[in-house]
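Here the structure of chain Y is known, so what remains is to put chain L in place on it, guided by the hints.
Note that the protein sequences, when read in sequence, are chains Y and L.
For what it's worth, my numbering labels the leading residue of the first sequence as 18, then goes sequentially.
For what it's worth, my numbering labels the leading residue of the second sequence as 24, then goes sequentially.
In short, the hints are calculated from the structure, not lab data.
Values in this document were obtained by computation on a predicted structure and should not be read as measured data.
By construction, the Cβ of each residue, glycine as well, lies at the ideal position given by its N, Cα and C atoms.
There could be a bad hint or two in this list.
[What the hints assert, rightly or not] The following label-pair restraints were derived from C-beta to C-beta distances:
| no. | chain 1 | residue 1 | chain 2 | residue 2 | range |
| --- | --- | --- | --- | --- | --- |
| 1 | Y | 42 | L | 273 | 49 to 57 angstroms |
| 2 | L | 123 | Y | 42 | 43 to 51 angstroms |
| 3 | Y | 207 | L | 411 | 47 to 55 angstroms |
| 4 | L | 138 | Y | 168 | 57 to 65 angstroms |
[To be verified] A partial selection of chain Y residues facing chain L, derived with a Cβ cut-off under 7 angstroms:
| no. | residue |
| --- | --- |
| 5 | 57 |
| 6 | 75 |
| 7 | 78 |
| 8 | 79 |
| 9 | 185 |
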Amino acid sequence: MSGKLTVVIVEQNRDRAIAIVDALTETGDVDVRVIGSVSGLAKQIARHDPDIVLIDIDNPSRDMLEELTMASGPLERPVAMFVSGAAGGLARSAVEAGVSAYVVDGLKAERIKPVIDIAIARFQILRQMRAELAETRRALEERKVIDRAKGLLMKSKGLQEDEAYALLRKTAMNRNRRVADVAEALVTASELLS
Amino acid sequence: MNAVPLTAAYMPLVDAAPLIVAREMGFDLAEGIALDLLAAPSWSSLRDMLVFGHVQAAHLLAPVPVAMALGLGGIATPLSAISVLSANGTVIGVGTRLADRLDSLGYGFDFRDARAAGAALARVADDVLVFGVPFPFSMHVELLWYWVAGTDLAARRVEIRTVPPPLMAQALAAGDIDAFCVGEPWGSVAVDDHAGALLLPGTAIWSAAPEKVLAVRDGWVEAEPDLLNRLLRAVWRAGRWLARPDSRTAASEMLSRRTCLNLPPEVIDRALLGTFAVSTRGEQRHVPGFVEFFDGAATFPWRSQAKWIAHRMAARYGLDPQLAQSRAAGVFRSDLYRKALQGTGAELPGASEKVEGALDGPTAVASARGRLILPRNQFFDRRIFEPDS
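Bound conformation, chain Y alone (with noise of 0.2 angstroms):
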């Protein structure tokens, strides 16, 4: 898994792209595009597939990133940022509310810094989330596997259930591999024969 933070930075003007792009740069490992034309937005965005998008609040299109967000569910969605001098006061309570919203004064270099890092924060909380429930689903699938491999064993040979265990054990470790591996290929063989 990359470690990269991709940034779509949705902005018309060249020179305010650029200085937020600049922005981004300073603060290390992130990648950057830029989005000039809100023409299909919400798919130019998707094709990105980026963990933050950053948007000035005072642009309209930012309803079209609404889409987004309820396309990809709650967990899933790109954090977006919005960029403004009037609106201030609504970052923390944003952030608070735990709303993938950020309002930063200013296009300033050091004030985007501190904003981009609870962003990577917040990114890296939901990567190692994601990670742990692919991790959660993975065993829970194995051991489905596994117990099918045993009740196999256990019809087929009349192995009670921790002879059947034993012996799924023993053949994984004489032939270097993971129990899950050899239940999954005797239930494959075994799906193939019947």
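Okay, now just chain L, sitting in the frame of chain Y:
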């Protein structure tokens, strides 16, 4: 007496009129509040301003607080719709490409018959028909899906995408969308920009749809019951003023200002008058009750309206329909509306729920003073919606 300052946010649209009129005509000061109005750049920003306490009240799409109560859309702050601000007021239009094809089909653009419009559009649409709407939770989305499902369009692949209203004409020209459903004046602007033609008013799909609400945080309801009453009365008086025919010119002028819509009053006037240029050839169509701010208890927040929205959303998002309706019912606060308007001369209905879609013409109903006539309330397919009790 010093007026208490109260900040409210709105989207620059014709149906933001009650808030704008309340301030411009001094209905706020008469209630001892001083409205400070903020124009929001987008619906999501407006929602965030309200949710995070940047403003105390907001002009909001009626389905937004309902969606939030159903846990849709990410933010879960409970909001109360203390009044409906307007009924109806949207238009459906098509881009020039589809308009030309409809023309060559001999379609008459009657701006009235939703079933025929759906059939004609289904004949000329490409593989995918993409509609632009202002926001994923909006009456625009609800009306479109209701219409699509009940017409020949049901057999076509239809997609709905979010496009900010001022960019609708541009999105049509760029081919991002084929058609749209939007609040006025943006449909008329698309026609004037030669970007498309108008196909139907929202009223052709549902003649009595709650369009925008006045929303506040539940916490604010508890904390400021007196301010809430004053705000509600000021906005109700603004609606009553807007309903007077001789107010129209002044209202158009207020909305046309640079700080609000920044468009010629003539474009805004079409919605208030209900008379539209449906194509660039200048064909005119009249729609009675195109947008309603007052008459027929238009601003009463019927719990059945919230339930209708929830019932549609529950079906689309796979939620429990009964639970959705009961959660939504608590969002439309007919109780607060009654309390605030007691003794103002407002004609308050006897019930807080009704069967939606069951009135084929203006109908007298039970009310506090016995003079309430509800307008026609009909869906284009004549189905009726009985809310869960």
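Each hint tested on the structure:
1. Y:42 with L:273: 49 to 57 angstroms: holds, 54 angstroms
2. L:123 with Y:42: 43 to 51 angstroms: holds, 48 angstroms
3. Y:207 with L:411: 47 to 55 angstroms: holds, 51 angstroms
4. L:138 with Y:168: 57 to 65 angstroms: Between residue 138 (chain L) and residue 168 (chain Y), where Cβ atoms are some 59 angstroms apart, the hint holds.
5. 57: Given a least distance of 5 angstroms, the restraint on residue 57 (chain Y) holds.
6. 75: holds, 5 angstroms
7. 78: holds, 6 angstroms
8. 79: Cβ of residue 79 (chain Y) sits 4 angstroms from chain L, so the hint holds.
9. 185: violated, 40 angstroms
Of the numbered hints given earlier, the model fails hint 9 alone.
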